[in-house]
Amino acid sequence: MKAGLRSMGEREGDWSIVIRPEQPWWRLDLKEFWRYRDLITLLVKRDITAQYKQTVLGMLWHVIQPLTTTFTFAFIFGKAAGLSPSDLPPVLFYMSGIVTWNYFAGVINRTSKTFVGNANLMSKVYFPRLVVPVSMAVSSLVSYLIQLGTFLLIYGYYFLQGAEGWAPSPWLFALPALVALMALLGLGSGILVSSMTTKYRDLGFLVGFGVQMLMYASPVIMPLERLSRIPWLLTLFKLNPMTPVIEATRAAFFGYPIDWLGLLYAASFTTVVLLLGLLVFNRVERSFADIV
Amino acid sequence: MNHAPHHVIEVRELKKRYRLGVIGGATLGDEIRSWLAKVRGRPNPLVPVGGELDAQRAGEHFWALRGVSFDVQEGEILGIIGKNGAGKSTLLKLLSRITTPTEGTARMKGRVSSLLEVGTGFNPELTGRENIYLNGAILGMSKAEISSKLDEIIAFSGIQHHIDTPTKRYSSGMKVRLGFAVAAHLEPEIMIIDEVLAVGDAEFQRKCLGKMKDVAASGRTVLFVSHNMISVRSLCSRVIWLENGQLRMDGPTEEVVRSYLHTYTASTPRVEWSKDDAPGNDLIRVQGVRVQQAGGNSIIERDEAIQVHITLDNLQIEDDDLNLGINVLTDEEVLVFGSTLRENSETLPTFRRGTLQLACEIPAGLLNSGNYRIHVNVFRSQKILFRVQDAIAFTVHESKRSVSYFGKRPGVVRPALRWWFVP
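Chains as they are written, first to last, in this note's numbering: chain V, 1 to 292; chain G, 1 to 423.
Chain G with its partners taken away, still in its complex shape (with noise of 0.2 Å):
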């Protein structure tokens, strides 16, 4: 056509209002009750008493979106990324035709699959072949076309053996492949996703990574929403990034998601928590955590040695079967390590009553510069009690480099290591 690319949706301005509480009723009989209250000048009998700041934010509407616009390409993938009631559902629930816009517009040009939730409309009483021309069906597809892409659907989601049982038998893992393998052979110009691959072992996971760069290889579009940075970076060619319902970011996805993750990863090298507050039980509650260089500085080089501190209170007995251990994390949820107490010491420590402080140490060199967190977890006789999750985060910085190159080098780990010529 012509040397402009070719865009398959069109987004411009869109909004969503949704209202704030209801204060219609959810009956007829509420709806009269409330209106003849009205009418008589008394109170709502519907608003709760000492309610009135709730009866008022019910008025309230709240903005999910508030003027989205951009556009994207034939065979592009693009990520969406943003946290918790940035907008990003309800974008997708807007292009998926489930709801509608309050203003704005969306256009799009082709068939469009939407995996929201995979495996909706499964009827537990069917089998999964029925189900397959059924979920086929509700996505748009012919009987014909179903018929066609059966065999390619059926080995696709790897349950051969189990395709004429009824889905009320199948396990979530098993619903969401055939769902999965159902829109991903609908052969749709645009399909939009949704969490996906949460769900799903990582073998299938990978499948789904792999079909949906076919797909997109193939000229078609990908809409691909996600909380795991790590998908969206080996998928995504242009990630948009939303918070509070507007567009905060558009660009290339490297550059996206890292000023994502800088923005969204707080660092608390140290927490404390009162007595109440103290994340445990009733046998041993963890009071802080801290991380600090050895020295004491709490600004983390990469060239030196990082202690963590934990401080306990060990509130019943002197025990013997306690252990305790920390898992290290990047900030895209790569585990980097698990150590605990007891596999890294010769004697076996009691852990007497009272407070009491443990320390490690993370050697020298071993941690990338970037952002990582610690969960603590305690553990009894070989059983995990309890676990804090993300209980402290923390930034290693790299200031010094001696070399020419001042990017981050890729990898969770840089290890010092020794190299040399083998004479």
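Bound-form chain V, shown alone (with noise of 0.2 Å):
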């Protein structure tokens, strides 16, 4: 019996935690993460419950912003430059980039800070760390809902009005699955970055003028179409994983068709990501105590 399980001690299923100095990389212990759902609901409220607390406006902001933005730009690039869609309501147009593209900025600013936001907690408490950047995630969908529903009531507004040349297509239905795919880019590319912020704290600042330079670099300013003359702009612009994403939303609430090569590219790109992403973050969540 004793002698059993000697020999079976390179499984280690007599122990239920071995600490040493390397552990395989792929290792997510997906069943200690689920044992901590909990802590994941409770940060998702804190941060709620914080971000509303804190400011005057509180939830009002996650609607004024995105207004502001959009009729700056329906008035900017629409009417000054005339560079939105003939076809489309420009405030229609823009502010539907603008909803899709907040979440997934507010996703890599916040996770990229996981590691540097939370140093104090991390080098005293073990916990999956993970759990730090999928509650952020999380939590910034309740921003985004609050655009999304805004952008609905305008949306709505418009349809009432009469639609021409656009009208809701049936894949309206499978928003949720590029939501989902936005998390995960998000997600993926933010613990990727919080994991370099470890060791260059001035990468953390580059984050966010990084994630407004690829705003640019997206349809949700400058419409696809109007960059078929300038071929290489529009390669740069389709290299871009968030221009598939915007554009398959757009295609489903105006009924454009849908690219499907290219959701296939944003999926391939953030399946990418997140690997790589997860792969530098384990390593570095079990260092990273001996560094700050």
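Treat the hints loosely; a few may be bogus.
Cβ-Cβ distance ranges computed for the label pairs, FRET-style [said to hold, decoys possible]:
| no. | chain 1 | residue 1 | chain 2 | residue 2 | range |
| --- | --- | --- | --- | --- | --- |
| 1 | V | ARG201 | G | ASP276 | 34 to 44 Å |
| 2 | V | GLY208 | G | LYS143 | 33 to 43 Å |
| 3 | G | HIS61 | V | SER268 | 37 to 47 Å |
| 4 | G | HIS161 | V | LEU279 | 23 to 33 Å |
| 5 | V | PRO168 | G | SER172 | 55 to 65 Å |
Computed list of lysine-lysine pairs in DSS-like fashion (alpha-carbon distance at most 30 Å, straight line) [as the list claims (entries may be wrong)]:
| no. | chain 1 | residue 1 | chain 2 | residue 2 |
| --- | --- | --- | --- | --- |
| 6 | G | LYS143 | G | LYS109 |
| 7 | V | LYS199 | V | LYS113 |
| 8 | V | LYS124 | G | LYS168 |
| 9 | G | LYS109 | V | LYS31 |
| 10 | G | LYS143 | V | LYS124 |
| 11 | V | LYS113 | G | LYS168 |
| 12 | V | LYS45 | V | LYS31 |
| 13 | V | LYS124 | G | LYS109 |
| 14 | G | LYS383 | G | LYS275 |
| 15 | V | LYS124 | G | LYS383 |
| 16 | V | LYS31 | G | LYS15 |
| 17 | G | LYS207 | G | LYS149 |
| 18 | G | LYS143 | V | LYS45 |
| 19 | G | LYS211 | G | LYS83 |
Covered by chain G, per the in silico footprint, the following chain V stretches (three or more residues, Cβ under 8 Å) [said to hold, decoys possible]:
| no. | region |
| --- | --- |
| 20 | 124-134 |
| 21 | 261-267 |
Hints listed in this document are in silico derivations from the structure and should not be mistaken for laboratory results.
A virtual CB, placed ideally from N, CA and C, is assigned to each residue, including glycine.
The two chains are supplied separately, each in an independent frame; assemble them into the complex guided by the hints.
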């Protein structure tokens, strides 16, 4: 019996926690992660109440910000520069892009501060570190849903006014899948960046800037059809994994054809970034306490 | 199962290496600059001028743990002692999975809750109640589990009245109570505690010690790191002593604690300071302190009076308000007694200017054999001016004893009392 246990020792069936220098990189303890699901719920709640308590405008801010941006864009890029598509009210065009982009940008900006922002907690208590960025991606959904609701009101208003050249498509029901794709893309990039910011703090400042630049290289402002005469710029836009997501969102709302190849690219890109992110995150979470 | 003791923790050759200094920059910009300098063959801009020594050292490694192995049985309360920097904290960090070892393994059975610093993870904006949930979840409890123990946790923490107040209004003591209450009710199979008891009032400390004993009595295991030998003695059945990242001793509490204390109680029965180093202020300085036997011998025996001599330098004026006192402590930090000049002299002595020498006498046979330390306190107008902490340390020997028992008798004092039968 005892001898049997010894020989099985390497399987470590008897021990619930084994601490050793090297852990295989793919080792993602999903069972443990699942045990901490209540922590995710609590962190999400804490996040929301903290946001709600701290700002005067509270939840209202989530409405004001995209609306102001939408009207600014609609005025500058739509009216003044004449960049918005001819067959669509500029407000709908810009707001659909902005709301979608805001969620992605929110997730990446927040998750990229996972380690730096929670250094104190993480250097004192153990828990699966992945809980933190995942809860951030979830709590960002609240703001997204508020913004989406605002958009739907405006969308409904325009629809009742009489839609010409656009109509909602049944693919609208697939919107949650697009949101999930964005969440994973934001999460993957965010944890990748957060793992690197533990060593290079200034990378954190670059994130906000980088995300901003990425927006200009997406169809949030510039409709793709306007780029057909500048092929290299079009290619650049299409390399942005968020481009197909925004295009598909608009396709669902306005009944455009769906670019399946683009979506496949976005999904593959997301998978790669997420796996890479998990790999680096796994490595960093083990040595993190020594660096900070 | 079998007769072999049931191990819940198995630590094998655990090693941890830290890099001394950071040669890598703190920012990507720094990294690029130092890389550019290297490419151009210029000195690294991050290395301070004349800092060659630092640059060399930066590449060096420091072993915080150099191969520690031990087992812990189920239900055992294991004390971990050692001086600062001996590797205790590193060991705890490794076992709590906050960082990973450089070499070696540790295996554990069951849930581990560690209290390296109580109340971490408290969100100041949230109320005590909300923080119980959050802290519990961070320590790995489910929501249902916390709910079922909520009342117990609140009662144990003793802050029922403030439980719905944001924790930012809590005192540090209250946070510790709440943090300990949550962790203690986690019902972990293994509980790791670091110096929690240093905070909190005496009553709460007793409560914590009691709770830890309960935890162990119910078959769970406690690892307890402390500097306080009294709590280690009263709580632990076994102690490991770390020194320079290695296991110096592992055995029954009494044995290990005694030799630990013996090693670290340096005996300095006499101390003198130069004029510049002398502790004190512009008013008065302590130049030297020494302890000796009434006869002048520096080896102190229990059955003779002990004299404490203090040399002072009164710099300013003839002073009627100055006062001087000593505190005598055991090496376990227990205050044996305190005494001051003025409470013991009928007339009010004047401190004249210049160098003064004061002495007091501890009666023969009062102190037990063992190690003692003395703090010197200087007061002026009832207020403490300064204290010379651990000014001297000395050992009271007992080499002559007429009775047949040779072990040390318990107690910090051992006055010679008169005994008789009342007719």
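(request) Enumerate the violated hints, using their earlier numbering and listing them in ascending order. (result) Failing hints, ascending: 4, 15 and 21.
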